[in-house]
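Sequence lines, in order, name chains U and Y. Each number in our numbering comes from the position in the first sequence (counting from 1) with 233 added on. Each number in our numbering comes from the position in the second sequence (counting from 1) with 8 added on.
Among the hints, a few may not be true.
Claimed, not checked - With a straight-line Cα cutoff of 25 Å, these simulated BS3-like cross-link-like pairs (lysine-lysine) come out:
1. Y:K93 <-> U:K487
2. Y:K93 <-> U:K488
3. U:K350 <-> U:K277
To be verified - Covered, in the sense of this in silico footprint (three residues per stretch, anywhere, with C-beta under 8 Å from a C-beta of chain U), are these stretches of chain Y:
4. 83-91
5. 170-180
6. 265-273
To be verified - Going by beta-carbon spacing under 7 Å, a handful of chain U positions derived as facing chain Y:
7. D312
8. K316
9. A507
10. G509
11. N657
12. E658
No wet-lab data here; the hints were simulated from the structure. We put the CB at the ideal spot given by N, CA and C, even for glycine.
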Amino acid sequence: MTKRHKNAGAGVTRRNLLKAAGALAGAGVVSSFPAPAVWSAEEKVLRYLGTAVNQSDDITKKVLADTGITIQNIVATTDDVTKRVATQPNSFDILDTEYFSLKKLVPSGNILPMDAKKIKEFDNITPIFTKGQLPDGKVIGDQGTAPKKVMFLEGPHSKTFSKTETEWVTLIPTVYNADTLGIRPDLIKRPINSWAELLNPEFKGKAAILDIPSIGIMDAAMVVESMGKYKYPDKGNMTKAEIDMTVGVLTEAKKAGQFRAFWKDFNESVNLMASGETVIQSMWSPAVTAVRTKGIPCVFQPLKEGYRSWASGFCFSKGTNAKQQEWAYEFVNWYLSGWAGAYLNRQGYYSAVLSTAKANMEPYEWAYWMEGKPAEKDIHGPDGSLLEKAGATRDGGSYDDRMGNVACWNAVMDENDYMVRKWNEFIAA
Amino acid sequence: MATSRAPLESQGLPGWLQAMPFGLVFAAFFVLPLCFVIMVSFWDYNEYEMIPAFTTRSYTESFEGCLADLPNLCTMLATYLSTAKFCLIVWALTLSIGFTVAYFLAFYVRSATTQMVLFLVCTIPFWTSNVIRMISWIPLLGRNGLVNQLLMSAHLVNAPVEWLLYSQFSVALAFVHLFTFFMVAPIFNSMMRIDRRLIEAAYDSGASAWQMLTNVIMPLSKPGIAIGSIFVITIVMGDYITFSVMGGGQIASAGKIVATRLDALQFPPAAASAVILLVATMVIIGVLNRIVDIRKEL
Numbered sequence: 234m235t236k237r238h239k240n241a242g243a244g245v246t247r248r249n250l251l252k253a254a255g256a257l258a259g260a261g262v263v264s265s266f267p268a269p270a271v272w273s274a275e276e277k278v279l280r281y282l283g284t285a286v287n288q289s290d291d292i293t294k295k296v297l298a299d300t301g302i303t304i305q306n307i308v309a310t311t312d313d314v315t316k317r318v319a320t321q322p323n324s325f326d327i328l329d330t331e332y333f334s335l336k337k338l339v340p341s342g343n344i345l346p347m348d349a350k351k352i353k354e355f356d357n358i359t360p361i362f363t364k365g366q367l368p369d370g371k372v373i374g375d376q377g378t379a380p381k382k383v384m385f386l387e388g389p390h391s392k393t394f395s396k397t398e399t400e401w402v403t404l405i406p407t408v409y410n411a412d413t414l415g416i417r418p419d420l421i422k423r424p425i426n427s428w429a430e431l432l433n434p435e436f437k438g439k440a441a442i443l444d445i446p447s448i449g450i451m452d453a454a455m456v457v458e459s460m461g462k463y464k465y466p467d468k469g470n471m472t473k474a475e476i477d478m479t480v481g482v483l484t485e486a487k488k489a490g491q492f493r494a495f496w497k498d499f500n501e502s503v504n505l506m507a508s509g510e511t512v513i514q515s516m517w518s519p520a521v522t523a524v525r526t527k528g529i530p531c532v533f534q535p536l537k538e539g540y541r542s543w544a545s546g547f548c549f550s551k552g553t554n555a556k557q558q559e560w561a562y563e564f565v566n567w568y569l570s571g572w573a574g575a576y577l578n579r580q581g582y583y584s585a586v587l588s589t590a591k592a593n594m595e596p597y598e599w600a601y602w603m604e605g606k607p608a609e610k611d612i613h614g615p616d617g618s619l620l621e622k623a624g625a626t627r628d629g630g631s632y633d634d635r636m637g638n639v640a641c642w643n644a645v646m647d648e649n650d651y652m653v654r655k656w657n658e659f660i661a662a
Numbered sequence: 009m010a011t012s013r014a015p016l017e018s019q020g021l022p023g024w025l026q027a028m029p030f031g032l033v034f035a036a037f038f039v040l041p042l043c044f045v046i047m048v049s050f051w052d053y054n055e056y057e058m059i060p061a062f063t064t065r066s067y068t069e070s071f072e073g074c075l076a077d078l079p080n081l082c083t084m085l086a087t088y089l090s091t092a093k094f095c096l097i098v099w100a101l102t103l104s105i106g107f108t109v110a111y112f113l114a115f116y117v118r119s120a121t122t123q124m125v126l127f128l129v130c131t132i133p134f135w136t137s138n139v140i141r142m143i144s145w146i147p148l149l150g151r152n153g154l155v156n157q158l159l160m161s162a163h164l165v166n167a168p169v170e171w172l173l174y175s176q177f178s179v180a181l182a183f184v185h186l187f188t189f190f191m192v193a194p195i196f197n198s199m200m201r202i203d204r205r206l207i208e209a210a211y212d213s214g215a216s217a218w219q220m221l222t223n224v225i226m227p228l229s230k231p232g233i234a235i236g237s238i239f240v241i242t243i244v245m246g247d248y249i250t251f252s253v254m255g256g257g258q259i260a261s262a263g264k265i266v267a268t269r270l271d272a273l274q275f276p277p278a279a280a281s282a283v284i285l286l287v288a289t290m291v292i293i294g295v296l297n298r299i300v301d302i303r304k305e306l
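So here's chain Y without its partners, still in its complex pose (with noise of 0.2 Å):
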């Protein structure tokens, strides 16, 4: 390790040219269109073009109401607060989920090919695409669908149920189809990096399953945890085609204000509403980096 590291270091290549190339595409492809849409939501529009001249109009009229019809919720704050109870539910779900399926690959299977094969069973769903996956779920859930024909076959019930399809229980069904892959994967990643030596001396010491679970895998599961998670809500947060095509296009969602404004051509009202999410999402990752340092985790 030390030897093959070595030429490396006495060439000298400074750790900021090293890092150039990345920070060179993050800057082009980042923070540079970030930056345009900032300047963007302050300027003003009419029909057909954007007007450079600074105003906040665009951010006055998307909070518009949210003081003054208290305690009514604004189409801003009803908005956010829908999104957000969605994060939570997925967030919840594919945690548990997602913790399991990585607690079962990790400590139950014990021969690594094994480990390696149900790893990349788990992939096997994004072979195809997103909108698929979610779209597939219609035959089944609608009033016509499989479920209902089989549940008045079965006479559970008497008529279709309704809230199968288009509705809050589907899109967070999506969801948590989508997108517990991405849990599963960096908890996946933590638990094996776990000290096998450090469950062992649990169970020399006379803990209980339950205790070594709780108190040596969850916590040394945290970075994974953490990552999940972000992968999660950021991606709940900022989605607009699983709520357009699950919800019947009757839940909001930040995404959804976002293309509305796009498709009626108002440019800087839908960059100030990307610039509103994206401090929301900054919000909740900060949070969220509260609780866990993920840097020092890792």
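Chain U with its partners taken away, still in its complex shape (with noise of 0.2 Å):
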């Protein structure tokens, strides 16, 4: 190829070369190609914005191949996907964000719903999402931002939430999992089975809670309910006074010596748990296999209280054109047919057409991600790493047992302000 060009090259004198400019100017104007053949060949470009959960090289590379859309992938933490997303709208095409942010996200206008009609597998997608309830019909925890209050919008360009199912959705969900307590139960030595434990004085010292405002104080909200403290109408959307009490509870458990320490990423908390400074905290699914694969034993554990949920999803940004959306859609529906689901679901989340997910994993693969039996064979991570040995059954269960014991979501409050000076303050006690 470069051979030819060369050779080509050679051959041609100034003189020729603006003959050559001079007729296809000419050309240009008496032929009114609406654009020249090179354009609609124009290489097809998303700029992905996101907090990595969902991001990876093998995905991006698979969309590349399946649909030739090259995806750039702008990885940043949840606090900075927003920021950026309410100050730099133009700087990303498509974003995967978690419906608590949509709070603040949708009124700024800076994002648009997409279309219901144009994704094909949106009449599959779980209906946790749309109505709140497993497949099977069983209704799960609704308190704080749970996706089917912030799902649909009234119209387009509507700044309001529907209150029923329309065709313009704020967010199509991607990912989502239930999130509990990780211990060491190697050094803890008995069972664990309630949130209350995180601030049992047996683990002064040892215990961690993570320090994102609006997910710190759901843990704590969980934990205060399980000691019999105090009953939350809506642990999502805190009075000033039940703020004041929860950070209250934070507060005097800091000063007696309960927390190792306070994390803010992903890697802290690994860090903290396979280090065994703490042995006992708030923690997130990835962290606790990645505690695994290091051979040092750690249990997602399940909780009689429940799990804290979260779910993310793509919308586009205000600034995308017409053949940028049509390109968004032809990748979310690529997202939603099953070779990502599938990923998704070989690292502990959740897809959100199971169906598709289904048909691109092995049976074994399926019993032991989603129904919660036994390993038949070794699981391995998408990257073919070995996460467990056969016999081994995932922490929590089945899908049913994990997303049916929701009992809250990530959330923004109407008192988020004030939320966020009181959480100032319990880390200055």
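Fit chain to chain and form the complex, with the hints in mind.
See below:
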């Protein structure tokens, strides 16, 4: 290819070049080609802003191979994603963010909802998102920003969440999970079954909580309730008095030396647990896996009060044009078509469309990850690393057992501003 | 000297013109952004946007409870008290270590080459980033870290020492480790400028080593000490990452307050906190300037 170019170039004189240029210019005027053929073969590129949960090289490569779309990943922390959407909406095309951020993002007008009619698998998306129930109809906890509360808008440019299902979907779900406490069974040496254990003086100086106010306060509320101190009408939307009380309980524990540290990012939580600095702490599922792959026992402990859940999904920036939106639909449709879903399920997350993901997984994988059955064969992660030996069962069991026991969702409260101030007070205590 | 200076003066470039390039950089990248920060700190805000309407809300809410809760400390006072305490501890330690190192380099090392080589050796830690130098303490100080393993195997303690990491101790240690060089450099510089004849004169007059130190060297090193102190104090006042990493997120700092507000998308209170921090730092520098008139000393 290069060689041919070179040969052609050798024979070109400046005069010929000018002639050719003139001819081309003339052609452009005479024939009214809307855009030269070169442009229609233009590379399909989407700038994808997200928190790295769903962004991996494997997915990027597979998208390119299957659809010809080049995904440019822009990775940021949850807070920074929100900040970026609010301040630089033109710096990305497609956004992958958590449902609880929507209360901040939708009123800003910087994101646009997707049209459900253009999503092939929309009707097969798990009813957790649309109705707040499991596929078998069991209704799950909806305290906090449950996706069904913020799933639909009243119109394509509306800033009001619709109470009924509409065509305009704020976020097309990609991934979700149920979070709980992580523990070191080898160091605790007894069963743990309640959130209250986080503040049990037995673990003085060996507990940790996460220092992201909107998530940390929910974990704290689960603890307060399980200690029998108070029953919240809605943990995800506390009054000022409730915030004072919750932060008060945390502050008291902090002053008594309960906490070893507060962690802010994934890797910190892995290091705290793996080094034995903490034996019980708020944790995320892949962090537990990361500790285990180091050969250190760590359990994502199911607790009787239930899980704190989260979910994220796709929408696009208000800065996208019609063509980019078409690519975005193509990408989202690819995402829900199964390969990506299976990839996410193998990481211990859950995919939005279960049927397509199942078709892309081996039966023994599906049985282990989704049905809570003992592994028939060794279980490998998407990168091929060994996660569990044959015979192991997943912490918390099946999809229905885990998602069915969701008690609340990550949330942005009406009193968020006050809560953040109180959180600073807790840190300073 | 005089001949080399003459042509420049005869060309008659006025002083203000010569200062202009730096002045412009200073205005564009410091004064202007600072004005924006101050402006935004008086704006209103909601969950998702800043509202350009004048309000002192960010300030009144930042100082919430500071009068009402007395004698208990409000968040702001408690945070600044804690930050000031670290400033004092770190300043005292870096000053004594920095002064000693600089004294050794300037007066004990005879050859200029050795002096320069040793001075460069002091900068070696700066070849890696702040964060890496800080994080490398963690495996050393942790519950199952090297220090605890040593103490346990030497039977000096029965249980791991917990206060080594994620404590005030570890934060102060990291600060001293990171910033002592900022004291060494300016003090060394001041000491090198001290006219050796003054020391000889003191010696000839029968001064003891201690008297030479306190009556000659220390007063003449004052500008270096003041500059080093400004470096260390401003860095500790505004620091966020050392407090977070070494304090396990449990120790409040002025920088942390700003960061939490920023993460929550609350820009005006973050700006207000930044302005409060700036004022507090300037007050400290002002007091320092009262003690040592840096301009005069230079």
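Looking at the structure, which of the earlier hints fail to hold? 9
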